[in-house]
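> Based on the sequences and whatever the hints tell you, model everything.
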Amino acid sequence: MSGIKTVTATPAKIGVVITMWVLGLVLLALFAWATQWRTTASVPTVQSAGSTAPASTAAPGLAALTTGLQQTAASALANLRSGHRSDASHALDAAYRLAQVGQENTSGPLKTAYVATVNAIETARENLWNGNPDAAGTQLTTAGQALDQASSATQTATSPEAPPQQVWGQYQGAQLLGPDGQVIGAVEAIENPADPTVHLHLGKGTGVFGFITLGGRNTTVPLDQILWGRRQILGNVYAVLTTRTDG
Amino acid sequence: MVGLGWLAFLAEAWFVIPYYVIGVAGAVWVVSDAYHVNTPLKTAMRWAWPIIVLFFGPVGLALYFLTARAPGIGAAGDEDAKMEKHNAYVRANWFRQTTGAVIHCVGGDGIGIITAMILARIAQVSFWQEWWFEYLVGYLMGTLIFQYKSMTMMSDSWPRIMWMAFRGEWFSMLAVMAGMGLVMGVVTPLTITAQPYPWTYGFWGFAALGLFVGFVITYPMNYLLIKVGYKHGHGMEMEH
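Chain order of the listed sequences is A and B.
If you number the first sequence the way our numbering does, the last residue is 248 and the count never jumps.
If you number the second sequence the way our numbering does, the last residue is 265 and the count never jumps.
Everything labelled a hint here was simulated from the structure, so no lab data went into it.
Beta carbons are placed, not taken as given, at the ideal position from N, Cα and C, and that holds for glycine.
Among the hints, a few may not be true.
[Unchecked claim] Okay, the calculated beta carbon distance ranges per label pair: (1) B:L169 - A:T220: 40 to 48 Å; (2) A:P165 - B:T140: 37 to 45 Å; (3) B:F90 - A:Q173: 48 to 56 Å.
Laid out in C-alpha cells, this is it:
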C-alpha cells in the first residue's frame with residue numbers, strides 16, 4: 002500500500018505514548034472519584050413535616066429506617082420546591098434506595114405503606130426524567146403521607162427475620178447504606194451461625210469501579226443491626242445499617 | 026452539593042424532541058450527501074458521521090461542514106477532482122485531522138454505548154455493571170467495525186489491522202468512557218436522579234450530553250494518537 006510508513010519507537014514517540022497512558026488513567030481516576038463522591042455524599046437534612054417513628058418500638062431497625070426515609074423524602078421535597086434540583090435529586094435517589102429495602106423487610110399494613118412509598122418515589126423519578134418537577138413534588142407529597150402511615154404501623158410491626166444461612170453468600174459485596182440512604186460501605190461477609198455477625202467495610206472508597214476498595218475501615222456488627230434488601234444476580238443489592246456510624 | 030439543576034432542560038420535551046428531529050433529519054441528509062456529493066469520505070466516516078449528527082444535532086452538522094465537507098465539493102468535476110479538493114481541505118489543519126479521528130471513535134463507540142445503555146437500563150443493573158457493559162460493547166463495536174474498517178487502508182494483513190484497530194481504540198475509549206461516565210455517574214443523578222429509562226426524555230437528552238462530553242474529553246487523546254501515528258484523521262493516508 003502506498004503512503005504507509007512504519008511507526009518506529011523514537012524517544013519522542015515513547016514519550017507521547019506514556020503521556021496517553023497517564024492522561025487516560027488520570028481521566029478515569031477523576032471520573033471514579035467524582036462518582037464515589039456523589040454516591041457517598043450525605044443527604045441534606047431538613048425538618049420532617051410528618052410524624053416520626055417513636056423511639057420505643059418492637060422493631061427498632063424498621064423504626065430507624067422509617068425515620069431516615071421520612072427525613073430523606075422530606076429533604077427531596079423541600080429542595081425540589083425551593084429549586085435546589087441537585088440536592089433534591091440526590092435525596093430522592095437516597096430515599097428510593099431506603100424505600101426498596103423497607104419494602105423487602107415489611108409485612109401487613111407497614112408493607113402496604115412501603116409499597117405505596119416505593120410507587121410514589123418511582124413515579125416522582127420518572128416525572129423528573131420527563132421534565133415535570135411539579136408532578137414529582139405531588140408524588141413526593143403522596144410518599145410523605147404513605148410514610149406517615151408507615152410510621153404509625155411501625156409501632157406494631159415485628160422485626161424482620163434475618164436471612165437464612167443458605168443465602169448469606171449472596172449478600173457479599175452488597176452496598177451498605179446509612180439510615181439516610183447514602184452509601185457508606187459494603188458488606189464483606191456474614192459469619193458464625195451460632196451468633197451471626199456481619200463484617201462490614203466502611204469508607205467512601207468502597208466499590209470503586211465496582212470492585213476496588215481504597216482506604217476505609219472494617220467493623221463487625223450483630224446481624225440484627227442490618228436490614229437486608231432484595232438479593233439480585235444483577236443490579237444493586239442494598240443493606241441498611243440502622244445504627245449511625247462515624248464511618 | 027454542586028448545583029446542576031440548570032441542565033434539567035435536557036429532560037424536557039421542548040428541547041429533546043426538536044433536538045432529535047434535527048438530528049434524525051441531519052443524519053439522513055449526511056448519508057445522502059456522503060454517497061452522492063461528498064464521496065471522498067472514507068467508508069468508516071460515511072458510517073460514523075450520521076451517528077454523530079444524530080446525537081449531536083446542530084453541533085454535529087456544524088462539525089461536518091467545518092471539518093469533513095470541502096466548500097464547493099458538489100461543483101467539483103470528477104471523482105479525482107473531488108478527492109483533491111477533499112484532501113486539501115481536511116489536511117489543511119490539525120483541527121480537521123483530529124476531528125476526523127475523534128469521529129471514528131465516538132461514532133463507533135457511541136452506537137455501542139447507547140445500545141448497551143438501553144439494554145442495561147431495561148435490565149436495571151447497577152451503575153458500575155452498566156458502565157463496564159457499555160465500555161465492553163462500545164469498545165468492541167468501535168474497534169471491530171469502525172476502526173477495523175478504517176485501518177484496512179493501512180495494511181493488507183488482518184492480524185496487523187486488528188492490532189492497529191485495538192491499539193487506536195484503546196486510548197481513545199479510556200477518555201470517552203471517562204466523559205460518558207462522568208455524565209452518567211454524577212451529572213445525570215444530580216439533575217434528574219440516576220439511570221433514567223430509555224422511554225423518557227431525560228435518557229436521550231443526557232445520553233447526547235454524555236457522548237458530547239466524551240467527544241470533548243477524548244479530543245486531546247486523539248490529537249496525541251495522530252501525533253504518535255496510531256490513528257489518522259480525515260485523510261486517506263497515515264501521516265507521521
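> Of all the hints given earlier, name the ones this structure violates by number, lowest first.
none
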